[in-house]
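Novice: This is what each chain is made of:
Protein chains: 2
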Amino acid sequence: MNINKNYLNLEESYLFSTVGKKVAEYIKQNPDKKIIKLGIGDVTLPLCKTVIDAMKKATEEMGKQETFRGYGPEQGYDFLRTAVQKYYKKNQVDLKLDEIFISDGAKSDLGNILDILGVENTVMVQDPVYPVYVDTNIMAGRKIVYSDCTETNGFLSMPDENIKADIIYLCSPNNPTGAVYSKEQLKKWVDYAIKNNSLILYDAAYEAFISDTKLPKSIYEIDGAKTCAIEFCSLSKTAGFTGTRCGYTIVPETLEFDNVKLNKLWIRRQTTKYNGVPYIVQRGAEAVFTQEGQAEIRKNIDYYKENAKIITDTLDKLGIWYTGGKNSPYIWLKCPNNMNSWEFFDFLLNRVQIVGTPGSGFGKNGEGYFRLTSFGSRENTLEAMERFMGLRKDIS
Amino acid sequence: MNINKNYLNLEESYLFSTVGKKVAEYIKQNPDKKIIKLGIGDVTLPLCKTVIDAMKKATEEMGKQETFRGYGPEQGYDFLRTAVQKYYKKNQVDLKLDEIFISDGAKSDLGNILDILGVENTVMVQDPVYPVYVDTNIMAGRKIVYSDCTETNGFLSMPDENIKADIIYLCSPNNPTGAVYSKEQLKKWVDYAIKNNSLILYDAAYEAFISDTKLPKSIYEIDGAKTCAIEFCSLSKTAGFTGTRCGYTIVPETLEFDNVKLNKLWIRRQTTKYNGVPYIVQRGAEAVFTQEGQAEIRKNIDYYKENAKIITDTLDKLGIWYTGGKNSPYIWLKCPNNMNSWEFFDFLLNRVQIVGTPGSGFGKNGEGYFRLTSFGSRENTLEAMERFMGLRKDIS
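Protein chains in written order, with my numbering: chain U, 1 to 396; chain W, 1 to 396.
It is worth saying that the hints were derived from the structure and are not from the lab. Any given hint might turn out to be false.
When chains are identical, the list treats them as one kind, so a pair holds in a single copy or across two.
Capping the alpha-carbon separation at 30 Å, the derived lysine-lysine pairs in DSSO-like fashion look like this [as the list claims (entries may be wrong)]:
hint	residue 1	residue 2
1	143	90
2	33	86
3	143	261
4	96	34
5	183	34
6	90	22
7	64	49
8	56	195
9	261	22
10	261	326
11	96	187
12	64	264
13	317	364
14	37	5
15	96	195
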């Protein structure tokens, strides 16, 4: 028996473990100092009431003979798919029910979708990038090319006719940079994909943080996208589902390669290797899309967005360049005084006990940049920014 | 962009859709007749009280700031892994916590485990077989060889030194045949695997139905298995979790191929492509392993086993040959009067309105056999067997 040797080509990521070690070491040396973590990529507010009520009701149903549910459809229950359909409709995107697949999260489906795609395809990822796009393709042995995101292009790279790729990952609002593509920019990617017979894998996990109505929340707001793109979305950051696990993937029926509908292949993949999201969780997810649910999650998102504003206001005052923060929970800032990412990490930790994430951990173009997130508490975010302002003389 | 062309080699299974069509057609022609479905592969009893209470409590926790949980460990929470560890200990199997991976079900992990195994491996599946073993390997382009299960070997094939395979699927108690390997038989498979450097993928999804204490519930009851086998288990049939989704996969630390620990590869796969089982569901699963939970699920399993006994008693009276039913929810019978599987299906449907599953749908060796299950209600099972007995003159 041989293992899948592609796994041997994976690089270990020491990003978060190194962050953890440095923080632990600092605490050991300075037990009296209060650390504030603004590197956290997880939500902190609890699930909203409407969701809790729905899940409790569903749990009760599972305990009674007459309302018990066994195997559900692998693609998700129609009650939830219909809710997602209506949600898209608000952004003028018409989807058929059969194009909507309920999943246990964007990360799972972003990895699993590769099952139905040939290993000989060349993959394009942006740099800096969410590491999962890279690792899942290394596992399958695909060739990877990089599309450079830099200060010059606002960390939003555009298609280059000299770089061909069969599979293109786009994430907007972006993790880690928080940058968001405009409709005009996305149209160029869609045109490139159609011209080159490429498939776009569009990660829209942070779409709920977009408040600028001119910015697209779905790639299907762009003409032609239904012939070249699969979209992945998640309730993790939208509704605090990181520990509850529910998302959805859109595979348009018009998406065809090699004269085969990807929708049909994906159904086959899912029915063979998956059994769907728990009924209880699907009822919770359905509640997110109700009027009450939308109002409640909006309050939570606004809370995080206010944190982001507190951070960007501070960066504005200090004259520090950044992307994100306006339509995203992430703020991606340029390290002051030409510090590299880890130098700035040490500087912040030692001087003001703030922990963030070194940008270099997300790719070579991340060097010299730094990620802060808005998922902390209001109190901690305010205190962190006060401390930050205290560094004014040293960093501007 | 090219699709994964291996998908084009998949055969469409018409088994359950044909069953559905035939039944619908019959009902249309005979609207007054009462159909009894004994083909059902899903549980019908609701979740037990201890599980419901645990999930309601966990749901409450998710709604409060101080007890909310975001991302959990991909491998599952230690509270559940510890519960699984103790469960194995009862069968004299010692597992380390790091060898236990909580999953959303055996089907998912049986498919996903292939990610870490080379595509050049030859796979051995038994015939008849749970179709997922075959389809997941066709998707990856692996060569498949079959190990024949027939009346002669009691539908429990044994290793054949003339047939080499790198990956071997064993399912015991078996789906669809209900046959169960003895320790002596499993030892031969373990010895074969060690000698041939093969990996056994052991599907123990129905282990909870084993009441004969001499039969192994886990392959790790066999010496040497920890160097050649991964075990998959599920709470689907054990505790009625088909719509709640939780299982576990055991990857021993001693399992090494190409000088690489499979445990390490599997952690890498899961952390990259998976985010774990919902916290609420893990609390429900934990409750299954408590003393109260075990007593409650035992009642349900006993209910199904009593149904199975009602079926096998009838087959005994009629002198019909079968496997399963004693330590399994499935009964696999030889069609009387040399009928083939679909002939017997039509015969049962038309004569006594009982629906079962034609064995030919599970592979060539299934031809001439038929699967009944014990997941129906007591009332329906009793009535079905009464009708069956009415056929005495025609089928013996």
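Novice: Indicate, hint by hint, whether the structure satisfies it.
Specialist: Hints versus structure:
no.	hint	verdict
1	143 to 90	neither (38 Å within a copy, 48 Å between copies)
2	33 to 86	neither (49 Å within a copy, 41 Å between copies)
3	143 to 261	both (24 Å within a copy, 25 Å between copies)
4	96 to 34	neither (51 Å within a copy, 36 Å between copies)
5	183 to 34	neither (43 Å within a copy, 58 Å between copies)
6	90 to 22	neither (46 Å within a copy, 42 Å between copies)
7	64 to 49	both (23 Å within a copy, 9 Å between copies)
8	56 to 195	neither (49 Å within a copy, 52 Å between copies)
9	261 to 22	between (49 Å within a copy, 29 Å between copies)
10	261 to 326	neither (37 Å within a copy, 45 Å between copies)
11	96 to 187	within (22 Å within a copy, 52 Å between copies)
12	64 to 264	neither (35 Å within a copy, 41 Å between copies)
13	317 to 364	within (28 Å within a copy, 75 Å between copies)
14	37 to 5	neither (37 Å within a copy, 47 Å between copies)
15	96 to 195	within (25 Å within a copy, 53 Å between copies)
Of the hints listed earlier, those the structure fails to meet are numbers 1, 2, 4, 5, 6, 8, 10, 12 and 14, in rising order.
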